[in-house]
Structure formats: C-alpha cells, structure tokens
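Asks: The primary structure of each chain is shown beneath.
Number of protein chains: 2
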Amino acid sequence: MSVIYKRVALIGLGLIAGSMAHAMRRNGLAGEIVGTARSAETRAIALDIGLCDRVVDTPAAAVEGADLVVLAVPVGAMADLAAQIAPHLARGATITDVGSVKRDVVEQVGPHLPDHVHFVPGHPLAGTEHSGPRSGFAELFDNRYTILTPVDSTDPAATARLRDLWTGCGALVEEMEADHHDLVLAVTSHTPHLIAYTMVGVADDLRRVTDSEVIKYSAAGFRDFTRIAASDPTMWRDVFLSNKDATLEILGRFTEELFALQRAIRTGDGDHLHEYFTRTRAIRRGIIEAGQDTDAPNFGREVARKENKG
Amino acid sequence: MSVIYKRVALIGLGLIAGSMAHAMRRNGLAGEIVGTARSAETRAIALDIGLCDRVVDTPAAAVEGADLVVLAVPVGAMADLAAQIAPHLARGATITDVGSVKRDVVEQVGPHLPDHVHFVPGHPLAGTEHSGPRSGFAELFDNRYTILTPVDSTDPAATARLRDLWTGCGALVEEMEADHHDLVLAVTSHTPHLIAYTMVGVADDLRRVTDSEVIKYSAAGFRDFTRIAASDPTMWRDVFLSNKDATLEILGRFTEELFALQRAIRTGDGDHLHEYFTRTRAIRRGIIEAGQDTDAPNFGREVARKENKG
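Line by line, the protein sequences give chains A and B. Each residue of the first sequence is one higher than the one before, counting from 5 in the working numbering. Each residue of the second sequence is one higher than the one before, counting from 5 in the working numbering.
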C-alpha cells in the first residue's frame, strides 16, 4: 500500500495510538509518525521502543505540519486538547479522534477547530484490557470495525481518505450518526463494561465469601467479567460521564429485564428461564458466523499452571 | 497412575462426564467406564466415538457392579435418577455428582440412597460454552478446582478415594460445606451467568439497535458476555431454581451496587466511578497470579476473518 498521510500526529500514546503506529508502519501508510503524551514517562518509553519516528513534548509541537491529527486521549480531556492545538493546525489537515463516545466529542472538539481543517470523528471498536505505550500491536484492528461519524460540514473527500487509512490498518469501516453510534455502543460496550465492573466490585466486597475464594473459583464464569473490569479507569470514567443518556437508557432496560428474571427465579417459573436462555444462544452464533469471535471453547485461552499444585 | 475405581458408571454423557471419561483414560484411573444417557441419540454418538468402554440403555444397568457412580445430569433431574438407581447400587459403591448446586443435591439425592453406599457430592468448576457428548476433552479439569461437599455421615476414606480420582484428572480438590459452596458459586458463577444472559437478552430485544449491529460491533465488550450466555439452558434453569436463595441474595447486592454506580453517572460523580474502576483491577491480577486465567490480551483468542472484507 502507499502513503496516505505525509505526517500523522498521535496525541496520547496508549493502546490505540500505539497500535495505530504499528499498523500504519506495517503497511507504510504514513510518511512520518510524530507522537506526544502528557506524561514524561510515556514519552520516554515511546522514544525507547521507537514507537514513533519522533516524540515531541507538546501537542502544539506534534501537530505542526501534520496532515492527520489523531486525538487519542480520554474523552474528558478532548476539549482542552482541541483548544491547545487549534492555533497550530496546518491548513487542510484532517482532525480525528478515537474516543468511545461521539456526540460529546463532536460538541467538545468541533467548536475549537478552525474552518481550514477537516473534522472526522472516529472510533475503532478494538481494544484489550491492557493499556499504556507498550500495549499496542499491529493486528489490533484486523477485521474489527471502525466507525466514522462525520459532521454535516465534513468534506466527503477527507472522510474517504481517513477511511482508506483505517482500511489499510486492517479495519472494516462504517459511517453513522454520532447519536446512533452512542446508543449502539451503550449496548455493545458501555453497559456491559459497567455491569462487569459492578459484578467484580460485588465479589470483592462480600464478607462471607473471601477474595481468595473468588479468585480460586473464578473459572466458573466470573473470570470472564474481570477482563473487561480491568480496563483503564480514567477512560471508562469519561465514557460514562459523556455518554450518560444512552447508558442510563440501556441500564434501565437491563434492570427491567433482570428483575423479570429475578421474579422468575423467585416464583420458580422454569419455562420463562429456559425460553430466555435458549434465545440468547442465537446471538452468540451470529457473532461467530460474522467472524467477530472465536468458536474455540473458553475463547481458546491457555491457562498458566500454578507452580505448586494443591 | 493406577486404577482407582474398577468400574465407573457415568450417567448423563455431556461435557463434564465426557471430559471425565477422557481424563480418566489419559491416566488409567478406571478399570472400565460404563456410560448411559437419557437420549438415544447421545448414546449412539457415545458408542460411535468410543467415549466409554460400554454404553447401556438405562441408569439401572449402568450402575450394576460399579464402585463409582457419577450423576452428571441437570440438577432438576437428580432426585428421580437417584430413586431409579437406588435398588441397583453395589454394596460399598461411592455415589457422587457434578451438579453446580450442592445443598439441593444433598437433599434431593441423599434420602434415596441405601445405607450401604457412600455419598460424596462434588462439583468440578470447569466447563465451556459447548455441550453434548462430543464436547468433552481430557484437559478440561487441569488446574481447575473441584469442590467436594461430603455430608456428616460420609466415610472419610470414600472422600479421599474420590479426591484421588479428581487429582488424577488434573484437578485441584477442596472440601467445604454445601451451603458455603452454594454461596461461593452464586458469586463466581450463578449471578455472572444470569447477568450475562440478561445483557444478551436486552441487546436482542432493542428495536432501535438491530441484531446485526449488535453482532458487528460486539468486539467492544459485549461478545465476552455472549460466551457464557450460550451455555446449556436446561442446566442453567435448574441451577437458578435450585440455588434460589443464594442467587437472590447476590443479585440483591448486585443491583444495590449497580444503582450506586448509576447514580454516580447521573450526578456526574467521576471520583466515585474512578475509585470503583481502579479497585476492580486488583481482582483480575489475583486471578492471573493464581493461574486461573491468562494474561494474554483478549484471552489470547484468535478471531476468524470474514471471507469477504468490508
């Protein structure tokens, strides 16, 4: 593949930006990759592992002469960042982001940007429970969806070019309205994360079942929840605060449904339970057929053995 | 290793019994393995793939002369099964089960058993989202815990012998009271499963977000829930009905905690959210250090690619 952007500025060097750097290099999509991060330690690590071609100290320096600027910081930090970089953006540059919420980013970032740049909000639906500059890898986006939510004034050519970058990084690209994105993600990501955090918190909090029992017997289902409950706390705090309405709506549906199942348990309504548990199997099959998860038992995971058994 | 039981009768030939057959053979723990299942199709498959040394048509025939009888059917079917086999049990035989609930099994099965047998209820905390006679494999119990809940009258020698069998199958073995088991499992298994079923049901049920969107964008967290929500519906119906009190108790704690987080989202209390999300990371680390899950990103799963991209 050929170079799509001559200079890409990555602001924030965590899992997503780091993986973008690796993926862009894999296919030679960027002439130069310039990176920066708020923490000096992160910048030092990025320099040390050669994550970018250049690591600079400030967002203003990073965006200098860049034809693509990627905002890869927690959603709550986007507005300040946009205000900081605005005076330094090159004419005709494309500004995108990788935030998990889109309406709020449009509202927080958009007003700061000058008319001479293109704003194409985006969200790669990919991640792991790890974070930081060392956690990225080139394959993260392979066969995963990236959603772009261009605003009305966005030049379609700028959107098409960013789409090419994501396709080059291995992703499948879709476009939709920011509000619809936020509702879809409230279902497929935000509410599941909140529920997982809650379940893990409850387990940690019980006095009659010890943490060591929770840990030893976690393979019975619980451990699946702990993976997503190990995700970055700052990122997730910002997601819930900035996608409040959609998350609360889906949470409302969730508790309604949970109470119905709880009542079925209390009243011994086995038919209701059986019918419900049968229906949910179909969704799993759909996900596997769509290539969005593995059919291998237990996700095909290998489990490290304890050194001392028993 | 050497033979621990001369003849093992497996009643019910699903994931757990099938994996026991494979694991016992791997280490030569059983002189002969006799199996039976209610469905003629399951028995035919078991015969076809050589799962057991002999496949017989009835539980009564299976237990004939067996020194270990394993009840591997849904918890709701245990009482009838115990009544059926009771007159045919060999003197001195050990009767165990693999049910996910223990107090109910003790109460349902115990009264049917004659005095001349040993009753050692058990529960291997291992499984996958697959079921049926083809789903078993020898490594399922490796480094996973099996909990035994012997009753007051159980001969310690019978418990020790069953413990040896499970250790030989690769498991780590613990003993505890049936009631405590049921509470621990309500936390580490039953409530997580109910919550996962609920979340998948909600996603399936929304009109404003299509099933195809839920499937395409599932990698953002949701797909983790669909795995356990694809487990066997009959087994899980029986689990909730027979561990009603402990499940309802933990569900109560869960909704209390969820409402507190929901309020924090509504009121914009970012500190509460951040503190909560930080605390839950520690549990994940404990599970990985205990060898009960992998540290590989996304459980190390490989995802099949779609044939046609885009």
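For the record, the hints were derived by calculation from the structure and aren't laboratory data. Accuracy of the hints is not assured; some may be wrong.
One copy or two, it doesn't matter: identical chains are merged, so the pair holds either way.
As the list claims (entries may be wrong) - Below, simulated EDC-like cross-link-like pairs (lysine to aspartate or glutamate); rule was C-alpha separation at most 20 angstroms, straight line:
1) K10 with E36
2) K10 with D168
3) K248 with D119
4) K10 with E68
5) K10 with D273
6) K248 with D273
7) K10 with D159
8) K10 with D71
9) K248 with E181
10) K248 with D275
11) K10 with D52
12) K10 with D57
13) K248 with E279
14) K10 with D156
Asks: Broken hints, numbered, in rising order?
Replies: Numbers 3, 5, 11 and 14 - these are the hints that the structure violates, sorted from lowest upward.
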